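If you're matching them up, the sequences are chains H, Z, D and U in order.
For what it's worth, our numbering labels the leading residue of the first sequence as 30, then goes sequentially.
For what it's worth, our numbering labels the leading residue of the second sequence as 30, then goes sequentially.
For what it's worth, our numbering labels the leading residue of the third sequence as 693, then goes sequentially.
For what it's worth, our numbering labels the leading residue of the fourth sequence as 693, then goes sequentially.
All the given hints hold, so there is nothing to weed out.
The calculated DSS-like cross-link candidates involving lysine-lysine, where the alpha carbons are at most 25 Å apart (straight line), are:
#1 Z:Lys-305 with U:Lys-848
#2 H:Lys-473 with U:Lys-718
#3 U:Lys-1038 with H:Lys-253
#4 U:Lys-715 with Z:Lys-147
#5 U:Lys-837 with Z:Lys-186
#6 H:Lys-222 with D:Lys-837
#7 H:Lys-213 with U:Lys-1038
Output of the computed footprint for chain U on chain H, the stretches with three or more beta carbons under 8 Å from beta carbons of chain U:
#8 56-65
#9 277-288
#10 298-310
#11 435-448
#12 486-493
Facing chain D, from chain H, some residues (calculated, C-beta under 7 Å):
#13 Glu-79
#14 Ala-82
#15 Pro-83
#16 Pro-292
#17 Thr-294
#18 Asp-318
No lab work stands behind these hints, which were simulated from the structure alone.
Just so we're clear, the structure is a prediction, and the values are computed from it rather than from any experiment.
The beta carbon of each residue, even a glycine, is placed where N, CA and C say it ideally should be.
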Amino acid sequence: MTKQVQQLDRVIIRFAGDSGDGMQLTGDRFTAETASFGNDLSTLPNFPAEIRAPAGTLPGVSSFQLHFADHDILTPGDAPNVLVAMNPAALKANLSDLPRGADIIANADEFTKRNLQKVGYDVNPLEDESLAEWRLHSVPLTSLTVKALEEFDISKKDAERAKNMFALGLLSWLYGRPVEATIKFIETKFAKKPAIAKSNVAAFNAGYNYGETTEAFSVSYEIKPAPLSAGVYRNISGNQALALGLVAASVQSKLPLFLGSYPITPASDILHELSKHKRFGIRTFQAEDEIAGVGAALGAAFGGALGVTTTSGPGVALKAETVGLAVTTELPLIVVDVQRAGPSTGMPTKTEQTDLLMALFGRNGESPVPVIAPATPSDCFDAAVEAARIAIKYRTPVMLLSDGYLANGSEPWKVPSQAELPDISVPYTTEPNGDDGTTFLPFKRDAETLARPWAIPGTPGLEHRIGGIEKADGTGNISYDPSNHDLMVRLRQAKIDGIDVPDLEVDDPDGDARVLVLGWGSTYGPIAAAARRVRRGGGKVAQAHLRHLNPFPKNIGEVLKSYDKVLLPEINLGQLALLLRAKFLVDIISYNRVRGLPFKAEELAGVIQEVIDSE
Amino acid sequence: MTKQVQQLDRVIIRFAGDSGDGMQLTGDRFTAETASFGNDLSTLPNFPAEIRAPAGTLPGVSSFQLHFADHDILTPGDAPNVLVAMNPAALKANLSDLPRGADIIANADEFTKRNLQKVGYDVNPLEDESLAEWRLHSVPLTSLTVKALEEFDISKKDAERAKNMFALGLLSWLYGRPVEATIKFIETKFAKKPAIAKSNVAAFNAGYNYGETTEAFSVSYEIKPAPLSAGVYRNISGNQALALGLVAASVQSKLPLFLGSYPITPASDILHELSKHKRFGIRTFQAEDEIAGVGAALGAAFGGALGVTTTSGPGVALKAETVGLAVTTELPLIVVDVQRAGPSTGMPTKTEQTDLLMALFGRNGESPVPVIAPATPSDCFDAAVEAARIAIKYRTPVMLLSDGYLANGSEPWKVPSQAELPDISVPYTTEPNGDDGTTFLPFKRDAETLARPWAIPGTPGLEHRIGGIEKADGTGNISYDPSNHDLMVRLRQAKIDGIDVPDLEVDDPDGDARVLVLGWGSTYGPIAAAARRVRRGGGKVAQAHLRHLNPFPKNIGEVLKSYDKVLLPEINLGQLALLLRAKFLVDIISYNRVRGLPFKAEELAGVIQEVIDSE
Amino acid sequence: MSESLNGKGLALVPKAEGKQTLKDFKSDQEVRWCPGCGDYAILAAVQSFMPELGIKRENTVFVSGIGCSSRFPYYMNTYGFHSIHGRAPAIATGLAASRPDLSVWVITGDGDALSIGGNHLIHALRRNVNLNILLFNNRIYGLTKGQYSPTSEVGKITKSTPMGSLDKPFNPISLAVGAEAGFVARTIDSDRKHLHSVLREAAAHRGTSLVEIYQNCNIFNDNAFEDLKDPEKRDVITLRLEHGQPIANATQAVRLAPTGGLEVVARDSISPEEILVHDVHNPDPSLAFALSRLDEPAFQHVPIGIFRSVDRPSYDHLMSEQLEMAVAQRGPGDLDELLQGGDTWKIN
Amino acid sequence: MSESLNGKGLALVPKAEGKQTLKDFKSDQEVRWCPGCGDYAILAAVQSFMPELGIKRENTVFVSGIGCSSRFPYYMNTYGFHSIHGRAPAIATGLAASRPDLSVWVITGDGDALSIGGNHLIHALRRNVNLNILLFNNRIYGLTKGQYSPTSEVGKITKSTPMGSLDKPFNPISLAVGAEAGFVARTIDSDRKHLHSVLREAAAHRGTSLVEIYQNCNIFNDNAFEDLKDPEKRDVITLRLEHGQPIANATQAVRLAPTGGLEVVARDSISPEEILVHDVHNPDPSLAFALSRLDEPAFQHVPIGIFRSVDRPSYDHLMSEQLEMAVAQRGPGDLDELLQGGDTWKIN
Ligand SMILES: Cc1ncc(C[n+]2csc(CCOP(=O)(O)OP(=O)(O)O)c2C)c(N)n1
Ligand SMILES: Cc1ncc(C[n+]2csc(CCOP(=O)(O)OP(=O)(O)O)c2C)c(N)n1
Ligand code: SF4
Ligand code: SF4
Ligand SMILES: [Mg+2]
Ligand SMILES: [Mg+2]
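With the rest of the complex left out, here is chain H:
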């Protein structure tokens, strides 16, 4: 049977099932296939905080959304074209996001009376008319899988567990994905359990063949590769990119990396990733708490290492005092905050941009630190290198604000070669810097950067002491002199204010927009996608995205003032808006939603259009 093949330019698929159904793995594999096929893509995993929430319940639903296209895309998509629902809970939890007309592939086997009751369905939605406005494919995924694996010597439970591979096979057929890598992946993953490996491969193939041979699906789809610029690509999540960026920073600064960290969702994966790269001389230290994590990183920095600590919101709060010590001792340090929904424990697996003001102000005293925020998952790589560059050059702690969405979301990344990366090394100080040629002044600053010398233990003749008490300009000796304190407060501020930050670039294709939409951090994708939509609809909007939150790019005031209106969407109650309003006295229009989720492009397009229309 030859089936019809339909051309599409983009598709959004959401895999949803129970936490135990392996949806994250399924999504990851489909993503890998799609990446290697050459589509542009963007992903959004979404899972419960519980390790294994009770089976079949709404809080137990885990999902993975993937947007892929034959052109460059910016977000994981607002509304899925296809929902794979492995049980009633998955259907119920996700249906409201599904536009009418979208496809639903439901695992009919799981729509048992008991499972339906668990989520409050009185009748089976696969059987009444309630899904009439969608294209429902009711497929007995479990029993098909079990049947396909009859001949294997595995338990029924193991056979049932392979149903996600069946689903993956089916979807792979449906969208013409290359399958070899997945088969290899399964074989490697279960190398130690050959029976499981074989049965999973078989389930995957069965799913593929089910699509191809049965009549359940009459159409398959083709989405051409995207015309990405030439190069080697890989799909990468924000946490992975951030970790690799730190490795690259270590190599490019010629400094050994020391990570002091305490596990916390959604930052732990950076620790996990870095702990694999010991070949690079990277030391990872799982500390007893966040305070020890940053303390050890600072101690290592005193010893000449690239000190890094990684955490999420509550952990940053705990590190505050030590970051203050880093500020006043002027040692390089990178503090990574993978923001999650707060306050307090909040919603650990959900994203948010609510730690900006804490990053800037969450310490006692005047305690300025540079703040950098990556815009997309792959941008976490560059942001990490940039954070290291600033930390080392200016001898300062740097706050790097990622978030839950960037951390777990992924996209294709054009892998840079080492040769393309900047050299960010700065030599340690090894000679006396006093006018007499013999004394060493640990707080005598570089005239241009205002950075103090970094002389590390082991350097003869430069023995010196630093600490948290106010230091005399130059000598660094303890000083309670009022004028010296005022001077030092201002010097520390001036050093941060003077950091070399690239100008803010504005994207305004026609050059005549009167409204600027501004963003920072992970809202880049939805904002850019929204701007595109607005422009497609004839609206004029300029777009700019801040990566440097402190100091701001030098031209930002000018940029802000050259538009009639500035719209600033943030996943908080207006934190960047507060800073910009204060600094430039510009009446920024804030758009704030604090739902633990990224913005949707459509939503933002509407908001932008409204602002344009109100002109």
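Use these hints to put chains Z, D and U with the ligands onto chain H, whose structure you have.
Chains Z, D and U with the ligands only, in chain H's frame:
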């Protein structure tokens, strides 16, 4: 011999000596005499961080400044009229603050070659002409004291130690202070060492008589009592007033007070003071660290106590995570920050206003808290009661920002009677609040205040669980629902925004000023004194002082906009200015000095005048 | 007066009126641990144990930190506080010190109690506030998906230690004894009867009691305590500690080593009189400490039960006493008197 | 390989070329403790001890927290870091773990180490990073002007405890032993010779060594250790711990108690063979723990010296080993290879 008595309206005296010379005690006693005499007064102690810095050195100098007058005064004074210098270091360290023509009473005995060398005097300044522009009284205080005590059975060291009492006696004569209370004080203090008591009294009397009988001083001074409003007065420091305010808050709220605290300069005295008042049912708990201190206070609040924690800057940084938990569990809690010079350890004994933004933003997530700052030492009492009122009524942590200047400075305080104090009690919830009459909804809010019910363990039928994870509106059950989170974030913010805060009052005697000088916290005295000076000189300036930093008084926007220029002096780099600029887009003029010292009235008068002149 | 409360952990907690059942202690919240998690067994054991105490349910509070185990309070139909990571002992200290009429239970994990919360734990133990601390030791970080913990064995391969962990684990019993703990015990999730017996004594102890509960995390550290559950091995490696009883099982016995300390020997190699008789009330903690070391090499001989139960006045009680004494000496506080205290003067 | 460094605390630290003297280790900063403070004696002892180590001065680092004692680094002409309250062990851990060529010393007080910093201390001990921790125990908070500390005796009247403190103090030695410490010792400010002997062994130990130093604060807790200095009492209450030597002084002796644990008896009441011979290398920490308890009741018999010195591989060393092993197995890291790792595809 009858001596001439000269009338003065005000005097500023600075006692300065070695840390071991008892200058703080001397100053305290002179203050007590002055207070009981009925002058208005204001004090400024200033001491080194070291417990006993090396004798005779500049860093070891300890001083106590007292300003007293026959009218109401606002600051401890800019420039002393009299310096008592117990040794060369004290002279050297303080001379630059002394206007020409001022009196210097120097302890000639201590101007030995060795002591002079220690501080870099080549020749004895008491003997060359270098002090010609001041009125120098070179008095051999030590030997006069030792001589006066010859007949007592005490060691020479003990006799020498009494020299501060001799100086106190002399000054008491010079300014006609009542002496009985001091004599009683000495007798009580040394009750267990009668010889020491007697000799100190004798030294004190000898000093007094020295003034009266010798020809060294030809004039004494009279400063009439100030026409303060009728009532009972006492002299009180900010830390004392704050502690008493907390006791009063406990009584007036009918809640047992639980203080969880960890010692830190300059906040420890609040712990010390409260630990004395166990008769009020006050429990003071010296915790293992700041985190445990605030944790225990929060635990006690969960149990129905008025939970309080007291600390200074670095300690606040450590408490951030727990304060966030208090925000999200919506429990009453008072966090007292006696600000000191930062960042990091900074200058622990020096004052600063640099923790405002940390108080507001130093936690992960959107985590709003009310912030209150007292204006003067005695105002710490009212501010503490007000903080408690808000904490209890709105079930929220409240930040109370005192500082090192308020903490140790003192002034006369008109003691309120209990009957004048507000009743700030709010009953615990004891009945189910669900619509069904039986269920309890721990997050169902009061319609007016948006406060949630406070039902404490021991209340039958209201058993419930709270925690740091996001809670469903009403039930308080764990909720990951995006819309609920957005709602709760906004409700928590709205609750704080809606706190009933009195309007900002503006002092503008003529009503036609075009310049407003605004302040917050401990700058009240110098700002008000400066405004007076400016007005005396014919300048027009309005003055307003913010006690509520979050939320702001409702009328503040209006006030700001009704002046051409708003000047805001702060002992930081412009923290309140940032907030006001952001909120009201008003181009506040900041004046910032971060010297670890309060502003001087003269300095601010100049700044105000400049702003007026630039109109 | 403080002495008289010794051994009466709940003396100041009001008694329940009617008879309570397990059901009274079940909250309406759905339990959300992984199927098969040892936490279920502990929850069921605690719920079934609580009625035995006969105290008012509303005077019972469960305070926890963060971790899988720390979800526990949501499932108890009492007052509860699911706080932040590591801080439960501090929060519970404030609660218990200010409310002697409450029965306060702290639920914590090996990461929560011994990693981030180590300091609060050891200080609670030395202070002896009236708390019962249940430490669910699964030797792994469960909630954050499987990093090693301060009780993980050396060389453990986890997400954060792909080449094996380096640091020597804490022995929670040794640490607690070293921190001046008055009551220290160990039990295991699978043995409800033993769990009950230990909880009973912990509740009766007025002061801080630490109960280490071996708990299986079947997702990230499955079968960590399998030897103690395996019907064949169980009885030959477990050494039950019972006050006044010789410390021995069918095949092994504990005696004083000739060079000091303790040693485990074949039971039939020594005479019954040589077997060490357990004294939980020994004021000298040295033997309790020595007992805590017997589990080396791991799981060859594992003491289970109460290592130490020694009374001393509890912190909350001493604190109340000082308040009462202050009143007794100078009368209850009078605000007007206080405010007008010190050197005052009057202006008319 | 890790084994071979045992007992060689400074094996990886470069040796000094010339001979050093006390003066080399004095910085130009004015010492600012109260006249008479015990810290002076300790500073002088350490400064006079350092040349003996024969390592490069520039490879020596002193890290401290906050407190009077924590001013120490300013006075040493080495590298130094006066950090924040309680965190010195954590900061030093990062430094020592990443720089095995340094000799890292932590200076801390009883409040700094045992109150706010308790958790970092116990974790450093179990990890066994190559650190020497000198804990200046004056049983008071000096810098903040006299509040009680976690080593203050019960009932202590201080500014924060006007009716007396309530909590039982830590015994730093017991706590350290309970926290798996490999090297634990006690000495006293006034006895320079003994201080030197203990520092010598601490430096030689590769791993974390904890040295408690009784230190007099003559301003806020004067004469706390007077009995140990009084020429008349000193010799009858001090029990010197020396490896291989019987634990006894002229009048008292330590023996195994018949019911387990240790006891102090009149020396002439027992035969010399009964006196316990000290074994600092005993792998079982139980006797070291029992020794730490002998100072009850306080100052009747106070063991001084090295309680325990047991080698195990240090954390920093194991960490370096893993790095080397990773390189040995798969070659040094290649950035291009790493970045292009995983599933990549090429677009032309
Ligand atoms: C301040 C802070 N740091 C880190 C975390 C992340 N975190 C949550 S639970 C946990 C450890 C859990 O281990 P354990 O205490 O053993 O409990 P279990 O899950 O094993 O029961 C960590 C690191 C957090 N929630 N808060
Ligand atoms: C975070 C923080 N909390 C509190 C303090 C105040 N503080 C400084 S030193 C100290 C205790 C000092 O006691 P100890 O460690 O025994 O040192 P000592 O002064 O006795 O040598 C305290 C509470 C601080 N500097 N930082
Ligand atoms: S991860 Fe482990 S400890 Fe946590 S609920 Fe699952 S089985 Fe239990
Ligand atoms: S206060 Fe005590 S510990 Fe501190 S310097 Fe003075 S004597 Fe020494
Ligand atoms: Mg655990
Ligand atoms: Mg101390």
